[in-house]
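**Student:** Just need the whole structure built from these sequences, with the hints factored in.
Here is how the chains run, residue by residue.
Number of protein chains: 2
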Amino acid sequence: MIHKLTSEERTTQLAQLHGWQAVTGRDAIFRHLKFADFNEAFGFMTRIAIKAQEMNHHPEWFNVYHTVEITLTTHDANGVTERDIALARFIDEVAKAMQRG
Amino acid sequence: MIHKLTSEERTTQLAQLHGWQAVTGRDAIFRHLKFADFNEAFGFMTRIAIKAQEMNHHPEWFNVYHTVEITLTTHDANGVTERDIALARFIDEVAKAMQRG
Chain U
1 MIHKLTSEER TTQLAQLHGW QAVTGRDAIF RHLKFADFNE AFGFMTRIAI KAQEMNHHPE
61 WFNVYHTVEI TLTTHDANGV TERDIALARF IDEVAKAMQR G
Chain D
102 MIHKLTSEER TTQLAQLHGW QAVTGRDAIF RHLKFADFNE AFGFMTRIAI KAQEMNHHPE
162 WFNVYHTVEI TLTTHDANGV TERDIALARF IDEVAKAMQR G
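Chains as they are written, first to last, in this note's numbering: chain U, 1 to 101; chain D, 102 to 202.
Hints were generated in silico from the structure; no laboratory data involved.
Calculated lysine-lysine pairs in the BS3-like style (CA-CA distance at most 30 Å, straight line):
#, chain 1, residue 1, chain 2, residue 2
1, D, 135, D, 197
2, U, 34, D, 152
3, U, 34, D, 105
4, D, 197, D, 105
5, D, 135, U, 34
If we take Cβ atoms under 8 Å as the criterion, some of the chain U residues that face chain D in the derived model are:
#, residue
6, 38
7, 39
8, 42
9, 46
10, 49
11, 53
12, 58
13, 60
14, 61
15, 62
16, 63
17, 64
18, 65
In this text, all values refer to a predicted model and were calculated from it rather than measured experimentally. C-beta: ideal position from N, C-alpha, C; glycine also.
**Tutor:** Rendered as structure tokens:
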């Protein structure tokens with residue numbers, strides 16, 4: 001079974017991600033993203049959805065027009081695990097690539 | 102400019118939709134949907150996204166695994182309009198078709 005990161009491990013991992021923060025009152029991490037428009041935001045979500053399905057690890061996310069808010073946690077471990085860090089890393093890569101243009 | 106529905110108009114329209122309710126403290130409508138799994142939920146969202154873009158009228162929505170929560174309102178009119186009812190009607194049709202199988 002996948003183990004929950006310790007507070008120290010989580011802090012170390014968060015420092016290597018882009019724009020992620022710990023959620024207050026919950027063992028989860030959060031990132032707010034802003035795109036050019038809805039087309040770009042939903043295109044981003046589609047790339048993440050395909051990856052999430054491949055990983056069998058899914059985000060909690062909210063979208064309105066060009067913004068996407070993502071919360072990651074591992075329900076089975078009741079906290080943040082390596083799976084969340086791996087998905088967050090992929091999200092950062094896609095966001096960076098899309099926002100580069 | 103598109104006009105905001107009166108309270109009476111909104112009530113009449115809501116009664117013809119499926120599972121939608123008025124949001125407390127905000128002129129908006131809300132529906133919670135549950136699908137078989139993430140694949141089905143995100144497939145549903147993709148159909149709605151394409152329609153929303155075509156209508157140039159976008160939802161506020163939240164997804165986690167097999168659930169989707171949708172809030173509709175028209176920011177330009179500061180309340181619920183015919184555009185929201187039209188999008189809600191489309192959402193109902195797609196949801197019904199997908200949940201029929």
